[in-house]
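This is what each chain is made of:
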Amino acid sequence: MGEKLLMKGNEVIAEAALRAGCRHYFGYPITPQTEVAHYMSRKMEELGGTFVQAESELAAINMVYGAASAGKRVMTSSSSPGISLKQEGISYSACAELPMVIVDIVRCGPGLGGILPAQCDYFQIVKGGGHGDYNLIVFAPSSVQELYELVVHAFNVADTYRNPVVILGDGYLGQMMEAVEFRDTEPVEHIDKPWATVGTHMKREHNVITSIYIEADVLEAHNNRLQEKYRSIQKNETMVEEYNCEGADVIVTAYGTVARIVKNVIKDAASEGIKVGLIRPVTLWPFPSASFVKYADTPKGFLTVEMSAGQMVEDVRLAVNGRNSVEFYGRTGGNVPEQKVILQKVRDIASRV
Amino acid sequence: MSIVFDRPHALADKPLHYCPGCTHGIIHRLIAEVIDELGIEGITVGVSPVGCTYNNYEYFNCDMVQAAHGRAPAVATGLRRSLPDNVVFTYQGDGDLAAIGTAEIVHAATRGERITTVFVNNAIYGMTSGQMAPTSLIGQVTTTTPFGRKPELHGYPVRVCELLSTLEGAAYIERTAVNNVKNIRKAKAAIKKAFELQMSGAGFTLVEVLSTCPTNWGMNPVRSLEWLEKNMMEHYPLGVYKDVTASAAAE
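Protein chains in written order, with the working numbering: chain A, 1388 to 1740; chain B, 82 to 332.
It should be emphasised that the hints constitute simulated quantities derived from the structure, not laboratory data.
Be aware that a few hints might be false.
[Stated by the list, open to error] Covered stretches of chain B, going by a simulated chain A footprint (3 or more residues, C-beta under 8 Å): (1) 124–136; (2) 142–151; (3) 160–173; (4) 182–190.
Glycine included, each C-beta is placed from N, C-alpha and C at the ideal position.
Let the sequences and hints guide you as you build the complete structure.
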């Protein structure tokens, strides 16, 4: 590993993208992710890349669509209400199979909501806020170091599968400063894009990027091909951290920064003689269902903790599939699940006969 | 015997799907002729809109990208910024450009994006079957103005060239028509100039083309051309609204 710096999460997102070879960024200001744009505007001018402050999130995602069509590594970033606006372009990009990295630094909602951190975008990102049958590949880092590594990885995965990839972080991840150690060289994969619309140069048939298939059978065939791709992503790209789960009395599930609170609870509970495990999905889609299947009968119960009114918990319940109880504790409005409340819920589950 | 008239190379050898009397086919041909004459087919990327010409990517032999409704100028921005040595054009109708995509076209022009927009104004939504467009004329009967467009209920028809020509980023803005041979030739010259100015880096370029929609106007093709001449040309005068090369020459 190379240089170690103290950096804000949002700046690390931008730096990681540049290191991954991204030279095209299109965005629109929104709290709490705007530092990504600040960093990009300066660096892109220095590096001769493209930075455009678009007139709206709608325009920004469609500029990304254009640059991705040209085969470029391209990124946009926003926060929850802005992501709602981008959903049109995200659905089109998924259908047109355009590789891109979209960053969502989540704030509390619904509506204009507030600017404090939340995890209430799980549904709109993981279940698709846009129309149609599609999946995004979704990474949920829990530290600034992991944020850096996953942003670099995201560009490779996007190109490999010709699919939009989302970095889903709560506001804390964007705003907090942590030490990050950069690699001397990045594992950048160079993937050929013979489909890109860069001009025929009179050497091949024309390329077309489109998301419209008017004939039923043609569109269904396209959907079937997409579903096949999604199955291969599920098989190959699922990432999860299983911590302390063997023989656990209680297994807690959380992603992002909430998982770090849970790790403190694990220590507290251990001092009381309660063994608590953690299943932390690193990819929210594909969801690491296999980990839940593996441990479904191990604990006295599962507890899912989120900064939402209960979104990921639906996938936990689907994975556990009735084999065990799955309880939920969440806070909204920008509030954080409290360590002592999580601990009490753990005690309650552990004390079951 | 020498061939004096042929299909432009940039235009695919496919039957067009447009209604009888529709002028999209003429406009497609003009763009293809310009691409041929400038020798830029290999470096041109076109952006298709939503509307009757959603699949005009089938008809152009250059690379093509299909965009969401109204977003073609944003998609073109992403393409052009990524491909500084290429030529990028959008092809958009009046609903696409002047209603749902108003912000995108205004800001592409504001930024002076080096793209060329061919804006086809036939004063109606074609593909969705004849609803009021932002460019529908006062009194015009459409499927959503069954008693005619009334200012107090539906507002006024927007003049796109006049609007965009106020923006500094716009290098060339001209309104043309394809109602007769003379105007068709003028339209082609305008499209050619717009492409040339894009290639010289002058800024944003747009050519509006007054066009007909016999199907949704409920008229035969000949009567449609007469209606265009009598009604549309009065509200939408033909001419050059912005030309940075002319103002440079005047100085």
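Please count how many residues of the region 124–136 of chain B have a CB within 8 Å of a CB from chain A and say whether that reaches 3. Holds: 7 residues of the region 124–136 of chain B have a Cβ under 8 Å from chain A.
For the region 142–151 of chain B, do three or more residues have a beta carbon lying closer than 8 Å to a beta carbon of chain A? Satisfied; 8 residues make the cut.
Tell me if chain A covers the region 160–173 of chain B under the three-residue, 8 Å CB rule, please? holds (count 6)
Checking C-beta pairs, does the region 182–190 of chain B have three or more residues closer than 8 Å to chain A? Since 4 is at least three, the answer is holds.
In the structure shown, no violation is registered for any of the earlier numbered hints.
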